[in-house]
Structures are given as C-alpha cells and as structure tokens.
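Trainee: These are the residues of each chain, in order.
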Amino acid sequence: MKTQLIISIKIFAFFTVLCGIAYPLLITGIAQLVFPEKANGSLIIQENKVIGSELIGQKFDSIIYFSSRPSATEYNPMPSGGSNLGPTSSKLKQLVVDRRAQFVEFNQLSRSENVPSEMLYASASGLDPHISPKAALLQVERIVKARNFDNNQKQQIMKSISELSEAPQFSFLGENRINVLVLNLELDKLDNN
Amino acid sequence: MTTLDIIQVLLFIALLIGLTPVLGKYMYKVFTGEKHIMLPVFGWLEKLIYKFVRVNPDNETNWKSYTFGLLLFNMVGFLFVFLIQLFQAQLPLNPSNLANVSWHSAFNTAVSFMTNTNWQGYGGEITLSYFVQMIGLAVQNFVSAATGIAVIIAVLRGISRKNTDKLGNFWSDLTRSTLYILLPLSILFAVVLVGQGVVQNFNSYETVQTLQGGEQVLPMGPAASQIAIKQLGTNGGGFFNTNSAHPFENPTPFSNFLEMFAILIISASLTYTYGKMVGSTRQGWTIFSVMMMLFVTGLTISLYSEYSTNPVFGHLSSMEGKETRFGITNSVIWSTSTTAASNGSVNAMHDSLSPLAGMMAIINIMLGEIIFGGVGAGLYGMFVFVILTVFIAGLMVGRTPEYMGKKVGAFEVQMAIIANLSTSFVILIFTAWAAVSSYGLTSLNNAGPHGFSEILYAFSSAAGNNGSAFAGLNANTLFYNLTLGIGMLIGRFGVIIPVLAIAGSLAGKNITPNSAGTFRTDTWLFAGLLIAVILIVGGLTYFPALSLGPIIEHLLMNSGITF
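Sequence lines, in order, name chains A and B.
To get our numbering, take the position in the first sequence, counting from 1, and add 190.
To get our numbering, take the position in the second sequence, counting from 1, and add 5.
Read the hints as simulated data drawn from the structure, not as lab findings.
Here a beta-carbon is modelled for each residue, glycine too, at the ideal position from N, C-alpha and C.
Treat each hint with caution, since some may be false.
[Stated by the list, open to error] Listed below are the simulated PhoX-like cross-link pairs for lysine-lysine, each with C-alpha atoms no more than 20 Å apart in a straight line: (1) K52(B) <-> K40(B); (2) K69(B) <-> K192(A); (3) K171(B) <-> K200(A); (4) K514(B) <-> K171(B).
[To be verified] Okay, the calculated bits of chain A under chain B, using three or more residues with CB under 8 Å as the criterion: (5) 206-214; (6) 228-242; (7) 247-256; (8) 271-277; (9) 288-295; (10) 319-333; (11) 342-355.
With the sequences and hints as input, model every part of the structure.
Mentor: Set out below in structure tokens:
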C-alpha cells in the first residue's frame, strides 16, 4: 500500500513536469518560432494600435458598416457563449421574427427577401467572425447610400466582397464565408481614398 | 445537403477506416514490447521514469493490485487538481488575476478531469489561470486517457492469456500509453493547429478598441497544446468557455476536420489492437463494424433532423448555436462524434440542436459510450456488452457461454451487470431527483420538455464520462457540482473495477479449443446480436426518459408549439 502510494505520487510528479510543463513549453517554443503571428492571436495592427483579431468577430450595427451576426454575448469574449435556446423556445422565435424585420428594414429590402439563416440566429461562440457572402451582398446598397459612395466605389465594394470571400478550404471543407472585420477595414480604406 | 456535404462525411469515414489498422498495429507493438518508431525517441525517457519511481516494468501483478494502483494514482491526481484550484490566486502564471475557485466547483472540475469526463461547470477564460489549465488540467488530459488505454490492454491480456493471475504492470502501461501514443500525436497535432491559427502563448489578455468604437478583451493562453490532447484523449475540456466553437480553439474548417478526426482515431484503432492481441483481426473488425454501423445510423438521423424544416421558425436549417465557417454538416458530424466517443468537446451548441439531433447525442452517451467511445473506455464498455451478448446467445441455444475459448460464468455476468447498472443508476435516479427539486429546476435555461432534456443530458453526460452539455443549464451550483461529480465517479470506476475483475477472472481460466459447437464471435450474426443487445438494453432502460424529453419535444415542435 505504502509503496504503491509513493509510486503514484512520484510518477504523477514526473508526468506533471513532462505533460504539464515541458510539453506546453515545447509547443509554445515551436509556435512562437514558426507561426508567431498566429500563435499570438492573429492580431490586426494599424498605426501601432491593435484593433482586433482576424479570428474574433466584432459587433457591427452601424449603418456605415457591414453588420455581423447576432451574438448572445454581444461579441464580448469574457466569456464566450451562445444563447443555448432550444428549438421550441418562444423567446428564440420572437428574436428571429424581430431580427428578420430589423434586417429587412435596415437594408431596405423587400419583405419577401430570403434573409440568410446566420443573420437571424446567434452563433455558438458569440464571436463568429464570418457571414455568408450572400448576407454581405444584401447590405451593399444600404452602405453605399450611407457613405455617399459613387458608382465607382460601389464597384470597388463588390470587387472586395468577391476577393475576400473564402470558398470551402481545399475546395471541399466547410462553407462559403466572408470575414466581416476584414471587409469593413476595406470599406474604411475606400472611404479614405 | 449538397454534394460537398456528402463528400465531407464520406471522407471522414473513409479516413477513419483507412488509418485504424495503421495506428492499431502501432499500438499493438507498443504494448507487446516489439520494436517501434518512437522507441529511439522516447525510449530513454521510459527507462528514466522506471528508474525514478523504482518500478520494474516486467513485474506483473494480479487484477486487484493493478486496480489498486490505478485508483491510488487517480486519487493523487484528483487531490492535486482540487488543491491548486483552491489556491490559484496565490500561485504563479495567473496574469489576469483570476480568483480562487469555490470548493464545490473545484471538486467537480477535479473529478471531471480525473475521470476523463471534462464536464465544465465553469467558463475557462474567466475562471482558471494558465497554471491550473496547464499543470493541472492538461496533465489529467494525458493520464486519464492513458488510464483508459491501460485498462483495455489489461482486459485484452485477460482474454488472451490462460491459467495465470497476471494482468500486466499498471505503471508501465500508463507510461507507454502516455509516452508512445498520446504525447507524440499531441505534439504533431498541436503544431498543425497553431499553423491554422489556434493561440499558443503566455501573454496576458489583450484589450482592443474595436473598429466601431467599442472595447473588447481578447483572451490568450497556451491553448493549442491543450486542445491537441483534449481531442486525442477524448477528454473534451475546452480552454475557452465555448470549447471548439471558439475561433481561437478552432479557427478554420481544416482545424475542425482534424479536431473531429482526432476524437475518434485512437478509440477506433484500438479495435484493431484488440484483434491483434487476441490473435484474430477479424474479431477486431467485427467490433469496429458494430461501432461504425451505430455511428452512421446516429449521424444519418441527426443530419436528417437538422436539415428538416423547423415548423416553429418556418424555414430550413437553423443556424442557432452554429458557426458560419462550419455550417450544419460539420456541426452535426462533430455532435455525433463527440457523443459517440466520450469526448464532449463541441463546435456547436447542442442545446440549440433540433430535438432528434439532440436526442441522438443523448442516446449515443446513454448506450454507454461504446460507439468508439473514450480511449480505452469505449472498448472496455463494448467488452461488457460482448459478455452480455455471449451470455444471452448461450442461453438461447442452451450451451455454456464462451468468449475466445473462455467459459463465461456467473461471476463475469454479475460484474457485467454491475458495470451496466452503475451508469443507468446515475442517469435515471439523479435526473429524477433534479427534476422534482427546486434547486434542480432553477438552473434551467429552457422551459417545457427541452428543460427536462437539459437535466437528462447533464446526468447522462456525467455518467458516460462525456462532458458535453445542453449548456443552457447553469450547472455551477452546489447541487449540480456535487451530484454530477458523484455521477462521474460512479460512471468511471463503477465500470473500470468490474471490468478489471472480469479480466482477472478470465486470465485464470483455461482456453478450450474451438469446436463445431462453438458460437463464433467474428461473424455478421454475432455483430447483429451485439447491436440488438446494445439497443434493447439502452432502449428499454432509457426510452421512458427520452419520451418525456426530446421525443415529445419533436412532436410538439411539429405542431408549432413553443414554450
């Protein structure tokens, strides 16, 4: 009994050093050497200021930006979270009705417009950085008006959407999507020119 | 569903079948002491460990001593993780100054990670320091998985040996599982994950001014190293609150595919190791086929359910609780894999799944986590069903039941029944308790039958050592922390101890040679019988509970009723 206990403690100590200290340090070392930007959160830096991470969505509800998805945490990552509302939740039903009406009105679309599902439902993490390219296209007219863009600038936006749209990875994994933060940064650039 | 969706599903399954013999053969070599490719890399470390703890790896023990060592080792791990949570504010590597954890939450989390459950009553980024995550939890991710592998290897020795009481040396099985299987795969996998964008650093949280003029705090930390092992070791405990739905844990469809694959690969491969160790790979493939058939059935029902119209909302394919980059198909492959194996990580919120997809997740867990299952745990859980099946088949034809030439007697069947009942006891009794008590009901996030499903899911998850949740349930309360903690302990050791007892008993028996009257266990007939036993035992035990939750919810949803 006593020897078994001593063995337990010693071998546990050994694995703690190996798997709890050496292993994460080794991975951190390799990561910082080979993929420093990614290992540190894929941060976007402009004029020496961090304005966000390419991977973490931000809240956009202003008329001059492409809107991001609804989020149960309003894009606050501390902590991340979904709504956890179930398929027979009356609360969720009401939210979806409201979001649809809001999206249609905000973007001056026809009432029968088929609003993409991701714009009506909150994401799992509350931090989803993407929307579908279709959801972006539906917002273009509204942004052009709000920013007083001319036809040339509108064409530029359309071009950005098609360039920034990501097809499924290796052409078969995942879904078509576009990063809202990156797209909105493009928008600001267009306006400054 | 599109063609692309179907390609992703088929590729996933094909890769699983293709790599099973490769890794399975490698693991066979590791445990039988044959030469293998990791020996030159970590062989010296293995010798160093034996020298340090003064263990002779060739010194094999009987099942009682093997079990005793296993329990002691797990107890030491539990105490360590419990204590460092209570004092994390005083310990280093806590750059965001997180406070000490409450005792009942610390108890729950320590049990949770020791038992390979990784149920999380807390949100990682706002609760636990880097110190606790790395030195406490990540270590348990390794050793709890290694414990599972050790148990199944001991069982396999019990089946294949004769007239001995020796099942192996727990310390050496533990060491080899960690050094040669879990660690090398994790290192490889973690580096690939960082390449996809998973964070791996020791920075403090980054405060940023968002483009629209708000403030956002970005959590950081050594996530990739922990995610690699939490997937491979079927642990499932996320670094961040939303687990692999969090873009820092799972940034791309490719990282998603690998993380899903990592859930099942070791458990699937162990069936091949099984076949090799008992001397007939057909036996292994028979079990693999049973697992695969159950997996594909669950996946098909879930996909069908998720791609059907929800009459409440009136349109196809709800994206509630799902990420755009994964879409429906990858969320469903994940929800099926993570519950079939006792992984419990998520990339979509199971609480928001359609009723039948949510039900398949619960059923996968309720069947005993044997559809590939936890590493080691899935296969020894399946072994319990195999014993029951040969027993029932023996009764039907009026012969003494045999498995691999070993006579299955009253003791083995009693132990198998204990293993089986301990999980159903937790699921049904505790769910009933929570459902009729005020302290159980105040934690609910959804009303109506879905609320009941939240409770049922929680205790199934604890008993099956899964760890995923209908996460709307606020489980970080005294009642849930304690009952779920106890549930996890019963669900883990209430199976391990009887299973090792069976192994010990089988090892002592002689092997009777095959004859014309032997009931073969490597045929489609046996596979069919095994599936029937699994479904009847699971179905009869849990059907009433399921009909109060997801089944009635499905019917009500189709009538457009909400709560």
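Trainee: Are the hints correct? Go through all of them and say.
Mentor: Now for the hints, and whether the structure bears them out:
no.	hint	in the structure
1	K52(B) <-> K40(B)	holds, 15 Å
2	K69(B) <-> K192(A)	holds, 15 Å
3	K171(B) <-> K200(A)	violated, 24 Å
4	K514(B) <-> K171(B)	holds, 12 Å
5	206-214	holds (count 7)
6	228-242	holds (count 10)
7	247-256	holds (count 7)
8	271-277	holds (count 7)
9	288-295	violated (count 0)
10	319-333	holds (count 4)
11	342-355	violated (count 0)
Checked against the numbered hints given earlier, this structure breaks hints 3, 9, 11; the rest are met.
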